[in-house]
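Numbering-wise (our numbering), the sequence shown opens with residue 56 and increments by one.
Source of the hints: derived by calculation from the structure; they are not laboratory data.
A hint or two may mislead.
[As the list claims (entries may be wrong)] With a straight-line Cα cutoff of 27 Å, these simulated DSS-like cross-link-like pairs (lysine-lysine) come out:
{"hint": "1", "residue 1": "Lys86", "residue 2": "Lys140"}
{"hint": "2", "residue 1": "Lys140", "residue 2": "Lys91"}
{"hint": "3", "residue 1": "Lys86", "residue 2": "Lys142"}
{"hint": "4", "residue 1": "Lys142", "residue 2": "Lys91"}
{"hint": "5", "residue 1": "Lys86", "residue 2": "Lys350"}
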Amino acid sequence: MVARLRSLLKQSLALGVSLTLTDRLMFAAQKSRLGKRFIRVINCHDTPHASIVNYRRQLAWYARHFVGASDADLRGLLEHGEWNKPKPGLIISFDDGLRTNFDVAAPLLEEYGFVGWHFVPLEFIDTPREQQRAYAAAHSIVPSPSGDRPPNRGVAADSADAGRVAMSWDELRDLVRRGHVVGCHTRTHHRLTASTPPAQLDDEIITCKRDLEQRLGSSVDHFCWVGGEEFAYSREAAQRIRDAGYRCAFMTCSNPCVHGTNPLQLHRTNVECTWPMHIVRLQLCGIADRANAAKRRRVEALTAL
56 MVARLRSLLK
66 QSLALGVSLT
76 LTDRLMFAAQ
86 KSRLGKRFIR
96 VINCHDTPHA
106 SIVNYRRQLA
116 WYARHFVGAS
126 DADLRGLLEH
136 GEWNKPKPGL
146 IISFDDGLRT
156 NFDVAAPLLE
166 EYGFVGWHFV
176 PLEFIDTPRE
186 QQRAYAAAHS
196 IVPSPSGDRP
206 PNRGVAADSA
216 DAGRVAMSWD
226 ELRDLVRRGH
236 VVGCHTRTHH
246 RLTASTPPAQ
256 LDDEIITCKR
266 DLEQRLGSSV
276 DHFCWVGGEE
286 FAYSREAAQR
296 IRDAGYRCAF
306 MTCSNPCVHG
316 TNPLQLHRTN
326 VECTWPMHIV
336 RLQLCGIADR
346 ANAAKRRRVE
356 ALTAL
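Please take these sequences and the hints and turn them into a complete structure.
What follows is the structure, encoded as structure tokens:
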């Protein structure tokens, strides 16, 4: 009930902001304040086939206002203030390693000139396909409904791979070869609370990095916290993220990345591919940054090392 009420309030606010053009004005003010030298990071989860038309609408809007940002682009901006592109940067990240991120999102991002940043829970990828839906349900991962498939492909055509909702290791390695980024989202999609036992923190963050690198055959330099709720962050986990050697860690407290931003405290803004454009503009015009400011300060203080 609370989540439903929150969703209705956001819809109402977004419509009001859109009808009064406030979102456009705030977006323009944000660009005026920051110039072109910032990278906005957004995150989403499932990208079902049924969302393709709406997702194309989002990507076309992103392409008008942003350019895709690679790992090298992010490092150059954070460390040296380097940004020689005509627009601000955009990192589009995907949580949970869902199959639709490979089947649907990756080719669309390539079409519009963006790089996908895929944060995967290793154990989900390792789970046998017939057990993946049960694993997802038990670990707060939400895949597409079983009937979601390309409009020109029926059930029979999908029978050889029926039930698989996670990406495969071959697909993840293919994404890396194509220039996308794959990072760690813990081993078991676990919220890294202060009550998590030390041995589990070691496994979810440190050992998982090594295992993920072994499966991919490439380095894994990026970590993404699970959940985004304030209780899902802890100093103990932050220490292990640093000690494991991750160069960047992503949170979900909504704020642009600029020169000097702590690379282990990079914030993302949630934008799902099914959301209408007035919600997208609301999320990215700066209102979400202000709404998350107090939480962001507390999370940054908690995880500062």
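Inset, instruction - Against the structure, test the hints numbered earlier, and report the numbers of the ones violated in rising order. - result: none
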